[in-house]
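Visitor: The chain contents come next:
Protein chains: 6
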Amino acid sequence: MTTTRADGRTPDQLRPITIERGWSSQAEGSALISFGGTKVLCTASFTGGVPRWLTGKGKGWVTAEYAMLPRATNSRGDRESVKGRIGGRTHEISRLIGRALRAVVDTKALGENTIVIDCDVLQADGGTRTAAITGAYVALADAIEWGREKKFIAQRSQVLSDSVAAVSVGIIDGVPMLDLPYVEDVRAETDMNVVVTGGGKFVEVQGTAEGAPFDKAELDALLALAVAGAAELREHQLAALGRDA
Amino acid sequence: MTTTRADGRTPDQLRPITIERGWSSQAEGSALISFGGTKVLCTASFTGGVPRWLTGKGKGWVTAEYAMLPRATNSRGDRESVKGRIGGRTHEISRLIGRALRAVVDTKALGENTIVIDCDVLQADGGTRTAAITGAYVALADAIEWGREKKFIAQRSQVLSDSVAAVSVGIIDGVPMLDLPYVEDVRAETDMNVVVTGGGKFVEVQGTAEGAPFDKAELDALLALAVAGAAELREHQLAALGRDA
Amino acid sequence: MTTTRADGRTPDQLRPITIERGWSSQAEGSALISFGGTKVLCTASFTGGVPRWLTGKGKGWVTAEYAMLPRATNSRGDRESVKGRIGGRTHEISRLIGRALRAVVDTKALGENTIVIDCDVLQADGGTRTAAITGAYVALADAIEWGREKKFIAQRSQVLSDSVAAVSVGIIDGVPMLDLPYVEDVRAETDMNVVVTGGGKFVEVQGTAEGAPFDKAELDALLALAVAGAAELREHQLAALGRDA
Amino acid sequence: MTTTRADGRTPDQLRPITIERGWSSQAEGSALISFGGTKVLCTASFTGGVPRWLTGKGKGWVTAEYAMLPRATNSRGDRESVKGRIGGRTHEISRLIGRALRAVVDTKALGENTIVIDCDVLQADGGTRTAAITGAYVALADAIEWGREKKFIAQRSQVLSDSVAAVSVGIIDGVPMLDLPYVEDVRAETDMNVVVTGGGKFVEVQGTAEGAPFDKAELDALLALAVAGAAELREHQLAALGRDA
Amino acid sequence: MTTTRADGRTPDQLRPITIERGWSSQAEGSALISFGGTKVLCTASFTGGVPRWLTGKGKGWVTAEYAMLPRATNSRGDRESVKGRIGGRTHEISRLIGRALRAVVDTKALGENTIVIDCDVLQADGGTRTAAITGAYVALADAIEWGREKKFIAQRSQVLSDSVAAVSVGIIDGVPMLDLPYVEDVRAETDMNVVVTGGGKFVEVQGTAEGAPFDKAELDALLALAVAGAAELREHQLAALGRDA
Amino acid sequence: MTTTRADGRTPDQLRPITIERGWSSQAEGSALISFGGTKVLCTASFTGGVPRWLTGKGKGWVTAEYAMLPRATNSRGDRESVKGRIGGRTHEISRLIGRALRAVVDTKALGENTIVIDCDVLQADGGTRTAAITGAYVALADAIEWGREKKFIAQRSQVLSDSVAAVSVGIIDGVPMLDLPYVEDVRAETDMNVVVTGGGKFVEVQGTAEGAPFDKAELDALLALAVAGAAELREHQLAALGRDA
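Protein chains in written order, with the UniProt record's numbering: chain A, 1 to 245; chain B, 1 to 245; chain C, 1 to 245; chain D, 1 to 245; chain E, 1 to 245; chain F, 1 to 245.
A couple of the hints might just be wrong.
[Stated by the list, open to error] For lysine to aspartate or glutamate, the following EDC-like pairs were computed, each having C-alpha atoms within a straight-line distance of at most 20 Å:
1. D:Lys201 x C:Glu210
2. C:Lys57 x D:Glu210
3. A:Lys216 x B:Glu232
4. B:Lys59 x A:Glu210
5. B:Lys83 x E:Glu232
6. C:Lys83 x F:Glu80
7. D:Lys201 x C:Glu189
In case anyone wonders, no lab produced these hints; they're calculated from the structure.
If we strip away everything but chain A, and leave its shape as in the complex, we get (with noise of 0.2 Å):
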């Protein structure tokens, strides 16, 4: 393919990722992912016990809350905690980002412990909430390991089933393309986020026409080029992690 992007990248190019597992000396798992220019502080917090409506039904809980600072884009935002409210897309990205990890949790064998996904948003450039899931599965792997350690998990308990990646695609100009940095995403007809296992399945598949409606072909074009994206991001995971792909 020839189409130049912004950044000189080809269309089914990541931009540069990096994952600093470890960042915070607080939390039981972490992880500070940048996808280029986005950044994203993802910690895990573990506590024994679950919420009061899963009390003694065997089973664990994982959920996540995304934020984003108030200069984290180009523009300052005022913080929602001075607003008095969550706005409709920090919910949404919350709920999309807990239902991803919950996909590779097998919360019999997390057993009555919850673990609290925060993914807070640093700095801004598009795709912050496949960047927050990426960094967040690596923040809850270590969450596990570290419940393991202290026996708040069986020693041969496989809590996560596989490892969970995301990423986001659009059409720009007609042509679909993998990672939309911010200048793409708002010029893109279609946007796309793909959140896939480490096995290549589909756990969430939310596309959206921004202009025109899109066909099947198109459809499939995209979801192809995430499943390759993915399948990348994928390795990152198991480097930051330590363990072979």
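Go by the hints and put chains B, C, D, E and F onto chain A.
Guide: Only chains B, C, D, E and F this time, still in chain A's reference frame:
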């Protein structure tokens, strides 16, 4: 297909659909839509002018708000007005409905006018967001006609580029099924909401693995079911609006 | 009387009243009531147990919540859930409905059970609070029957001591009139809502001078109209419930 | 009448009434009023101009806000500012006070000026809303004088058409009684708040059956007591304002 | 010193101080305190038991809430209950009062009991937080006595280790001055609130440069003034409590 | 001094200080500052224009917002956005930072421009407010330079009159110590935060007796430590900004 569903439908069959156009004597457009036991009252409110951030750009604005009556469901939920905050699910669905409608609206042709669509679920039995979108289109079409009659919109303006409808699909016991009622929805391994234009293109594809992740073949089967279901819903919309397909 | 009203009624005539009992298939009791163009959906939710502050006192609890859909009125109002707070008018009417119903409920006979009545105004044309009370009684009666069948309430318990209904009255151009629609309501010099038991006694009398203060003779005339109107409403309630007067 | 009340009063006797006019050195009008142990600080704030929705109509605006200090009552209640929302009772009483005052104000004569009356209950022993209305009238009268002196209001404008006062009445053990303290209020079978002009006409009649419903004869007896009590309160108001009856 | 202050005081002179102990007939302890035109009603509410997070530790809890009536100041401010949130200044002062009181309370001697001090500013003319602390001590002392009489507190327990009072100081036109009224407060280059025990030690020193930063010599001069002023306030506290110094 | 501290420092020694200037690629000024394990991201957002209440006065505005990520601390705290209200501590610290910065800003020289400083604590180990002020100064200085380059600020305007830094001091086991980490902070008998200009004068002195009240000699010792610590912090600020002391 021989799978029997709780209500006797085949996997590719919609529930009984009714659209009571003009239910409200106050709103500029309205429809009380039923997908089986799910009943949603959709009203469209037309006002001249646009929000401040859009003023002077020669474009209109279409937005939507979704809500559920406290006893729409089997057990009563607290009112969001009483809790003092709107839940994540409500926000997410309101945003989805708005995006779905805007995908078929030419905001320049609408001129500097605002249409707010309220979708209030009077009774919920699965698929409330898809019923809402399908009914909202009817209310929207009537509100646009109202605006034309009152000279808010130019006579020859083609505001709607197409119709739009939505339907849920899911995999239950390995079988892809169309238009899930609540009892099926909670059992679905994969759950997908698909928004489709009259022309058969996608506006929004939202698929979620509730149990195991899904593969490309399953995704394809679900999309095919949804496209066929949406075509049927289009017939109901046109009939309600008194138009030929 | 020869005064002509906008809709051709005599001053002592109610608008057309309809009560669609059992409108909801989810609630333990329900009624969709119309006073002319005013339509209120009343649902009664029965749950075993009482709020903590009432536990162990051998008494039940009946309460109500009133709300209006945003486009129930002629111009759209903001949702209270979006504003994040419930307005004074909403609060006031919810409290009024609750008091009206509790006046005919023997909470000891109800036992430690809770009934919440939701009154959601789908369309508003004056008199929404009085329609709500009148419809709520029907929903309440059915919810009590449900509780008896499900053995939450003792078989011989007489929970309801009487029926209850409500109607608005007002003075327009010096003439006392019954059951005001919106166009009359805004013109009324004095506006009164009266809650009356089946036995013709007062549960609540709320009279307000909107223009000039009123004297005792005017008050007496209004009360007489209201008592007669409430007696008619009682007939509608009994008919809906399938009982003889 | 021979019924003995807890504080030795006859049924038709008010509690000791005091009105300390001009208590605040900051407000344009103020009164610290006592009905026995009930003490309410009423301040009137005068500002030129009106809320936006009233601009340019040549009319003024009078509104009121009622609140209770957390330890005004026998056991401490949470502050509404801490709870983050105003309760239904507070809203209801604020609205009642505003309506009562507006009934004697000619808003055209007031001109485009706003008067806000704050009624803060420093100590509560029954009848706080009636004491608030009675004291608010005094604060309002002084604020209007202030506006006249400062030339906000035309010299010859007759802003107040009459005085206004309020008192509670109720039936206890079958006996109608005037001006109930807390211990009587909780025992009353019927409870009524009546707002009366100096001319003896009704502005607001709010009667509620707390126990058994009440009949017309009881209503009449209560209203007669209230009218007589309000006439006495008028004497106190005029004395405080330094005027002859 | 020859500097003349607006109200004729010398720089090291307090405004007229009055403490009306037992103002409230409802609270377990109370004081209406005036520092010149500043009037604060302090009430202490005693309840057996402690908040959940303190249960079972054998310690009591003392906390405070500060608020201002809307028209305590020269122009009316919106109620925090109406705004739905407490402002930063209110929070800050509430926390300061609580810390000041806890500094002289032996929470073990208090036993598992809670005292909440409400400080409501009825009229504000500078120094409201210092008047609040000074009056709160009197209310607190009486509430502790009440707890002892009611056997909530052991007879020989020494709950209060000392008295506590507070006063503002500031530099105006280069001259350090004691107890600033509003007109001086807004002109002060440096503003300091000092909380001092009966024994003359510091509990809290809060100095802020409003204009130019201040040096050590200025700080020392202000602290000396404050310590002397607090000693005088202690005399007023003891007199109000009917004790010898 | 021979007292050994947990981390081996002498009582008058700061923790390792790092200032990463320009951490954010979006903000007009930024610094990631560390005081040992405490890490605060400070960003400065420059916008032309001022809040409405300041318009037309020829002055600019500098304000600050402080917040903590939920897992900045050892156990996770709820997000203030989720709770829907900002806590007293957050408010108090935001106000402190704003006052500290304004003390060295000439708002006339700034012109009608606004600078908002966000201080988000990524990791907390004591002294977060003092680190925030010290880092905020660096971000502020760069934002002012940005404004000058973009011609929002006149070329020769001297906006900053001095630098400003802050540090905590406290008495532990009777020994005054500089720059307390969390483990020392919770043990301190007296805790003080001191804001000092580059010229060594005080902007803010906030001392609190956490245990026993403190005397003048202790206060003097703490202030001396703080002034020396602040001078060292100034060196770090100047180095980060690439200037000579």
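Visitor: Go through the numbered hints given earlier and state which of them the structure violates, listing their numbers in rising order.
Guide: 5
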